[in-house]
Amino acid sequence: MKQDLQQIQAPIATEMADFEKKFRSFMQSKVKLLDHITQYIVRRKGKQMRPMFVFLSSGVSGSISEASYRGAALIELLHTATLVHDDVVDDANYRRGFFSINALWKNKIAVLVGDYLLSRGLLLSVENEDFNLLKIVSNAVREMSEGELLQISKARKLDITEEVYYTIIRQKTASLISSCCAVGAATAGASAESTEKMRLFGEKVGMAFQIKDDLFDYGEDVVGKPVGIDIKEKKMTLPLIYALNHASWVEKKKIIYKIRNGSENKSTVNEIINFVKASGGLEYAQQVMNDFYQEALSILAEFPESDYKTSLSSLVTYTIERKK
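Using the UniProt record's numbering, you'd call the opening residue of the sequence shown number 1 and step up by one each time.
Keep in mind that the hints were calculated from the coordinates and are not lab data.
One or more of the hints may lead you astray.
Straight line, CA to CA, 27 Å or less: simulated DSSO-like cross-link-like pairs of lysine-lysine [as the list claims (entries may be wrong)]:
| # | residue 1 | residue 2 |
| --- | --- | --- |
| 1 | Lys-277 | Lys-154 |
| 2 | Lys-277 | Lys-172 |
| 3 | Lys-232 | Lys-197 |
Just so we're clear, the structure is a prediction, and the values are computed from it rather than from any experiment.
Build the full structure now, drawing on both the sequences and the hints.
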C-alpha cells in the first residue's frame, strides 16, 4: 500500500516535500520544550492523506498556490490539536503506534500544546487574511465536536438509528475530508459552485472512509485497533445497526442488554460480532460504502481530465481498499 500512495502522490510529490518543510516552520516556537514536542509530532506523521486531498483538489480545480500550502497547514494544525486533546479526554497512551503527548509529557502540557497548535492555525490564516479558509475549517471543527458529542449521547441510550449514524459520521469524519477538498478548490481560485461541488465530493469520500473503518472492528483485516473496540465503547456502527433492525424484538433486546452490560467481556463481544455477521450487517455496510464511493466518483467525473484527477480518483479507491 505504501507504494500505491507514492504513485498517487506523483503529480504532487514536489508540493508534498515542500509542505513538510513549511509545516515544520509553521509549528516552530521559541519555547524549547514546545519546539521539542512539535518536532515529535511532525516525526510521527501518518500517511498525510489530508494534505494530499488539499493539493490534488487544488490541481483538479485550477492550480496549486501558496494559499494551498497555508490551507493544508491550517487543517493539519487544527486537526492535530483536536487529536492531542482527544488523547487527554480518552486517557490514551498511544496514537498510531507512538506514545501520545499526554503519555510522555502529562495532561497539562498536552492540553497547552493542543491550544498552541490551535492558535498557530488561527494566526496563520488571520495574518494572511485567509478568512474564507478559516471559515471552511472552523466549521469542520465545530461539526467534529458536535458529532462526537452526539455519538456519546447516543451511546448512553443505545437508540441510534441509521439516519443518526449518517449524521454522526458526516460530522465526525466526512466534514474534515470535505473541508480538505473545499480548501483545495478555494485556494485554486475555483468558483463558489465548483468549491461546493468539491466539498460534496470530499463528504462522500469521508462517509465511505468511516464505514470502511467501522468494518475493521469486525476483524476483516489486520488493523491498528483491537477487534471489537467499537462494541466495547458502546459505539453503534452501521453493521450493528442493520443487524439490530433486522432482528426479532426478543433478540434485539438481548443483544442491546449484552452491549450495555457485558461489552467488556471478550466472549460477549465475539458473540455480538457473530450476530452481526450472521445478520448480513457486514455485506450491507459494504454496499452502502460502495454507494458513497460511486457517488464521489460521479462528482469527480464532472471535472476536466488531468493527472491530478487520476490521482484523486486513485486516492478515493485507496480509502476503501486499504487494509488499515
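Status of the hints after comparison with the structure:
1. Lys-277 to Lys-154: 23 Å, holds
2. Lys-277 to Lys-172: Since the Cα atoms of Lys-277 and Lys-172 sit roughly 25 Å apart, the hinted pair holds (cutoff 27 Å).
3. Lys-232 to Lys-197: 37 Å, violated
Consistency note: the structure conflicts with earlier hint 3 alone.
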